[in-house]
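Colleague: Residue-level listing of the chains:
Protein chains: 2
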Amino acid sequence: MRCIENIRELTEVLKNNKKSSGIGFVPTMGYLHEGHLSLVKKAREENDLVVMSIYVNPTQFGPGEDFDRYPRDLKRDRALAEEAGVDILFLPRTEEIYAGTTSVTLHVTEGVDVMCGKRRPGHFDGVVTILTKLFHIVQPDSVYMGLKDAQQVAVVERLVNDYFFPVTIVRVPTMRESDGLAKSSRNVYLSPKEREEAPVLQHSLQLARKAIQEGADSSEEVMLLVRETIESGTSGIIDYIEVLSYPGLCPVEEWDGEIIVALAVQYERARLIDNMIITVSKEDKHV
Amino acid sequence: MRCIENIRELTEVLKNNKKSSGIGFVPTMGYLHEGHLSLVKKAREENDLVVMSIYVNPTQFGPGEDFDRYPRDLKRDRALAEEAGVDILFLPRTEEIYAGTTSVTLHVTEGVDVMCGKRRPGHFDGVVTILTKLFHIVQPDSVYMGLKDAQQVAVVERLVNDYFFPVTIVRVPTMRESDGLAKSSRNVYLSPKEREEAPVLQHSLQLARKAIQEGADSSEEVMLLVRETIESGTSGIIDYIEVLSYPGLCPVEEWDGEIIVALAVQYERARLIDNMIITVSKEDKHV
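Sequences listed follow chains W and S, in order.
Sequential numbering from 0 applies to the first sequence in numbering that gives the first Met the number 0.
Sequential numbering from 0 applies to the second sequence in numbering that gives the first Met the number 0.
None of these hints come from the bench; they were simulated from the model.
Computed from a predicted model, the values in this text were never measured in an experiment.
There's no promise every hint is true.
[To be verified] Below are the EDC-like pairs computed for lysine to aspartate or glutamate, each with C-alpha atoms no more than 20 Å apart in a straight line:
| # | chain 1 | residue 1 | chain 2 | residue 2 |
| --- | --- | --- | --- | --- |
| 1 | W | 14 | S | 140 |
| 2 | W | 182 | W | 196 |
| 3 | S | 209 | S | 219 |
| 4 | W | 41 | W | 156 |
| 5 | S | 182 | S | 4 |
| 6 | W | 17 | S | 140 |
| 7 | S | 182 | S | 148 |
| 8 | W | 40 | W | 82 |
| 9 | S | 14 | S | 4 |
| 10 | S | 17 | W | 11 |
| 11 | W | 182 | W | 33 |
| 12 | S | 14 | S | 47 |
| 13 | W | 182 | W | 193 |
| 14 | S | 281 | S | 178 |
| 15 | S | 41 | S | 216 |
| 16 | W | 17 | S | 219 |
| 17 | S | 182 | S | 220 |
| 18 | S | 14 | W | 176 |
| 19 | S | 17 | S | 140 |
| 20 | S | 147 | S | 33 |
| 21 | S | 17 | W | 193 |
| 22 | W | 281 | W | 257 |
| 23 | W | 182 | W | 195 |
| 24 | S | 14 | W | 140 |
| 25 | W | 209 | W | 178 |
| 26 | W | 17 | S | 252 |
| 27 | W | 41 | W | 176 |
| 28 | W | 14 | S | 47 |
| 29 | S | 17 | W | 81 |
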């Protein structure tokens, strides 16, 4: 594995690999866990060359957010990335990637005022800004993103679609514990009782899928089902439950196409999120 | 020459030409004149494959501007493009290039409130929006842009630089009549007397260059020289004279790097623009 900080050096190395049948790209903020490594695994299966970036992007943190305290462990990340099969580890420096004054800004106008985005105004502007830069530098064929953060995947898919970026966004399913709980570095903060209850989040989403596929009348009905399931199964406090089109992230007008059911639940010392994307066809309804 | 309207068809054709040593791209709004053809000529010299786009981009026209009345003559354009050596003429359709709702907007924050941009709020947002799309679709190695519209070139150079687009912007000098007047389709609207006087615009810029190279004290001094030269040589009314850094388009702090002197003069029935980019090095000063 080669570690590269300099943009020009990276583009030179990539140019010499251009004949390769594909560049797979895994953008991260580091502090790698199993979720990231599952993205690398998928990228490794589908491409000749796998590039990972590690960069804690300042522009996607709002005032008062934890940019300074965001965990960093480059030595460990490097070992994990190499072991997982990354060919090139790109470590951009802020002085270069945000050099000088920015003369053009990117602003996400749709799909941001829902789910976790409600609490993070401007967050996705920072995400699309850094990814636009990284996509141009790395010029990947495919970009691997985890569905644990389904809102981010949706925003990036729409960015790519609106502006015809020549890349394919590959959605990688959320990794789960054997009892269905979405893997998260925050799960360790759950009390034993909370941990025991937490699979109800995933369970409530499975019930939502069943209800939608069997022809639930409305989003409200589905949200109520999820709410009641969670409230009766755990002490966690519901932050939100939403049913939206995907990747549009708009209120669902009719059960057709992709639908996301997303939720966040606050526990004593951890906030957990989970979601499920359900493909519905008008014809499926009421089967 | 192949004419292509469909984006997917274009990307297929371009993919099959990927081995070529270079794709040169000339984005236009059509109604081609000698200026456009000089861009094609330059692109032809430097690339295996020359792609021209013709698209009257609605998002760069403000309310009350002449989008509907913008001249169009595709049949003539097609003949001229083919004769000039264009390989692929891309004719995007609005339904495809601006399909659906846009979820991410681009906004130019620097270099817009000067020169002609002052009169056209939002104009450059439209320019960078369409060019981002076109650059991603065509994936050119080099993009050919005319310095007649130096502000547009500056904005696009900064877009490319800020976001690391893997393209080179090639600045193509303004074409001129034998007496120095910048070629423009609007020159025909000049009266015989105005036409005779109009070379004073270019002449005033040459005097400005000489003054800067010989160590003029300030931008104000240069602007005054240009103003006096124009006012004493023609009946046209000065709209603006500006001396700015290039491509930053900021007030000049010191005579170093690239400087643009730009002007616009209003005649009875035509508004003419011209500019000169001057490279100054601190060491050159007062030679």
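Colleague: Which hint numbers does the structure go against, in order from smallest to largest?
Modeller: 5, 14, 15, 16, 17, 18, 21, 26 and 29
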